[in-house]
Amino acid sequence: MKKEVTFGVIVGNRGFFPDILAKEGYGEIKKLLKKLGFGIVILNEDDTKYGAVETWEDAKKCADLFRKNRDEIDGIIVTLPNFGDERAVADTLRLANLQVPVLIQAEPDDTNAMGINRRRDSFCGKISVCSNLNQYRIPFTLTTFHTESLGSKEFLLDLQSFAGTCRVIRGLKNARIGSMGARPSAFNTVRYSEKLLENYGITIETIDLSEILGQAEKISPNDKALKDECKKISEYIDIKGVPDSSIDRMARFAFVTERWIKEKELNAIAIQCWTALETYFGVVPCTCMSMLSERLIPSAC
1 MKKEVTFGVI VGNRGFFPDI LAKEGYGEIK KLLKKLGFGI VILNEDDTKY GAVETWEDAK
61 KCADLFRKNR DEIDGIIVTL PNFGDERAVA DTLRLANLQV PVLIQAEPDD TNAMGINRRR
121 DSFCGKISVC SNLNQYRIPF TLTTFHTESL GSKEFLLDLQ SFAGTCRVIR GLKNARIGSM
181 GARPSAFNTV RYSEKLLENY GITIETIDLS EILGQAEKIS PNDKALKDEC KKISEYIDIK
241 GVPDSSIDRM ARFAFVTERW IKEKELNAIA IQCWTALETY FGVVPCTCMS MLSERLIPSA
301 C
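If you count by our numbering, then the sequence shown holds residues 1 to 301, one letter each, in order.
For the record, the hints were derived by calculation from the structure and aren't laboratory data.
Every residue gets a Cβ at the ideal spot worked out from N, C-alpha and C, and that includes glycine.
Among the hints, erroneous ones may be present.
Now the in silico label distances, taken between C-beta atoms and shown as ranges [what the hints assert, rightly or not]:
| id | residue 1 | residue 2 | range |
| --- | --- | --- | --- |
| 1 | K262 | C301 | 18 to 24 angstroms |
| 2 | C301 | G15 | 54 to 60 angstroms |
| 3 | S220 | L197 | 33 to 39 angstroms |
| 4 | C301 | N134 | 37 to 43 angstroms |
| 5 | S210 | K240 | 29 to 35 angstroms |
DSS-like cross-link-like pairs, simulated, lysine-lysine; straight-line CA separation at most 25 angstroms [to be verified]:
| id | residue 1 | residue 2 |
| --- | --- | --- |
| 6 | K31 | K153 |
| 7 | K60 | K23 |
| 8 | K224 | K240 |
| 9 | K31 | K49 |
| 10 | K195 | K153 |
| 11 | K49 | K30 |
| 12 | K262 | K195 |
| 13 | K232 | K262 |
| 14 | K195 | K23 |
| 15 | K227 | K262 |
| 16 | K31 | K68 |
| 17 | K227 | K264 |
| 18 | K231 | K218 |
| 19 | K224 | K195 |
| 20 | K60 | K30 |
| 21 | K153 | K34 |
| 22 | K264 | K232 |
| 23 | K35 | K60 |
| 24 | K61 | K49 |
| 25 | K49 | K68 |
| 26 | K227 | K240 |
| 27 | K60 | K49 |
| 28 | K262 | K231 |
| 29 | K218 | K264 |
| 30 | K224 | K264 |
| 31 | K173 | K262 |
| 32 | K153 | K35 |
Can you build the whole structure from these sequences, using the hints too?
This is how it looks when you write it as structure tokens:
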């Protein structure tokens, strides 16, 4: 399972401003992301001028690189070491069409280096890039402050937050979520639309609670898998004072639930817990749900 977050990186450049800033920015962003353990997909320095994106041809090259690495890229970072060319950035994102989160970062100017050789004007460049992305209807994320240097504490916090967003989006893409039983009528807070979720590529697999409980009752008391499940539960929680019959029923429920998860290749599940399981099966599923969550299969009531 892929764990590391991989970013596609666009280094903006505009010829009117010092090219050396784009060259420096290219090196800095690569060094920072590698140091933090992120994967990176970026043009080589000899693919375009300093590996930056400034023209239509540059945009096509960068977009082609991103498309070839579509399955690896979780998010895109646009870094503006100088004003940058807003159309080239927007065209790259449109042509690549990766449908992943986009973060816009702009380097601040040094008030002691505002001469023609070091002036960035990334502040205004970021406004232009964001305006173009709005026109292209490409969603994007902003940093806490309009300009933040790559090495600043503020940007590092923003970067970690953005990486978290990318992980969530990656996890939800083509997710398969199991829905066990009907929604409890007393809780409108858990209402949802399967059609809306499907619109975003999230599939809901449903099963009636009676099917789960019926399958659980049919398991033989001598089934090795059932005994193994009882052992797992007894090692996971303190079962002192808990009747063996309750552990047995909990294990039956866990076994059938895990089999369903495996058969349907589910990434997460929701269970009709309150109060059907307690009333008609005699146990609460909290322990089983906790064990699933420990295995990175989120389980909720």
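How the hints compare with the structure:
1. Checking the proposed 18 to 24 angstroms range against K262 and C301 shows it holds: the Cβ atoms sit about 21 angstroms from each other.
2. Our hint of 54 to 60 angstroms for C301 and G15 holds, since their Cβ atoms are close to 59 angstroms apart.
3. At roughly 37 angstroms, the beta carbons of S220 and L197 sit within the given window of 33 to 39 angstroms.
4. Judged by the Cβ atoms, the range 37 to 43 angstroms given for C301 and N134 holds: they are separated by roughly 40 angstroms.
5. At roughly 32 angstroms, the beta-carbon separation of S210 and K240 lies within the given 29 to 35 angstroms, and the hint holds.
6. Only pairs whose Cα atoms come within 25 angstroms are accepted, and K31 paired with K153 is accepted, the gap being roughly 16 angstroms.
7. Using a Cα cut-off of 25 angstroms, the hinted pair K60 and K23 holds, with the two alpha carbons roughly 20 angstroms apart.
8. Under the criterion of a C-alpha separation no larger than 25 angstroms, the hint pairing K224 with K240 is consistent with the structure, at around 23 angstroms.
9. A hinted pair counts as satisfied when its Cα atoms are at most 25 angstroms apart, and K31 with K49 qualifies at roughly 19 angstroms.
10. A C-alpha spacing of about 41 angstroms is found between K195 and K153, which places the hinted pair above 25 angstroms, so the restraint is violated.
11. Restraint check for K49 and K30: the C-alpha separation of about 16 angstroms stays at or below 25 angstroms, so the hint holds.
12. For a cut-off of 25 angstroms, the pair hint linking K262 to K195 stands: about 24 angstroms separates their Cα positions.
13. The straight-line distance between the Cα atoms of K232 and K262 is roughly 18 angstroms, inside the 25 angstroms bound, and the hint therefore holds.
14. The hinted pair formed by K195 and K23 fails the criterion: a straight-line CA distance of about 47 angstroms is larger than 25 angstroms.
15. Annotation: proposed proximity of K227 to K262 holds, straight-line Cα distance about 19 angstroms (limit 25 angstroms).
16. Between the alpha carbons of K31 and K68 the distance comes to roughly 23 angstroms, so the proposed pair stays at or under 25 angstroms and holds.
17. As the CA atoms of K227 and K264 are separated by approximately 24 angstroms, the hinted pair is consistent with the 25 angstroms bound.
18. This hinted pair checks out: K231 and K218 have alpha carbons roughly 20 angstroms apart, not beyond 25 angstroms.
19. About 40 angstroms separates the Cα atoms of K224 and K195, which puts this hinted pair outside 25 angstroms; it is violated.
20. Between K60 and K30, the direct Cα distance comes to roughly 21 angstroms. Compliance with the 25 angstroms bound is thereby established for this hinted pair.
21. Restraint check: the Cα-Cα separation between K153 and K34 comes to about 17 angstroms, which is no more than 25 angstroms; the hinted pair holds.
22. Between K264 and K232, the direct Cα distance comes to roughly 23 angstroms. Compliance with the 25 angstroms bound is thereby established for this hinted pair.
23. Only pairs whose Cα atoms come within 25 angstroms are accepted, and K35 paired with K60 is rejected, the gap being roughly 28 angstroms.
24. Taking the CA atoms of K61 and K49, the gap is near 12 angstroms; set against the 25 angstroms cutoff, the hint holds.
25. Simply put, K49 and K68 have alpha-carbon atoms about 21 angstroms apart, close enough for the 25 angstroms limit, and the pair holds.
26. Between K227 and K240 the CA atoms are separated by roughly 18 angstroms; this keeps the pair inside 25 angstroms, and the hint holds.
27. A threshold of 25 angstroms between alpha carbons decides the hint, and for K60 with K49 the separation of about 14 angstroms falls inside it, so the pair holds.
28. Proposed proximity of K262 and K231 is supported: the alpha carbons are some 20 angstroms apart, at most 25 angstroms.
29. Restraint check: the Cα-Cα separation between K218 and K264 comes to about 20 angstroms, which is no more than 25 angstroms; the hinted pair holds.
30. Between the alpha carbons of K224 and K264 the distance comes to roughly 23 angstroms, so the proposed pair stays at or under 25 angstroms and holds.
31. Proposed proximity of K173 and K262 is supported: the alpha carbons are some 19 angstroms apart, at most 25 angstroms.
32. The straight-line distance between the Cα atoms of K153 and K35 is roughly 15 angstroms, inside the 25 angstroms bound, and the hint therefore holds.
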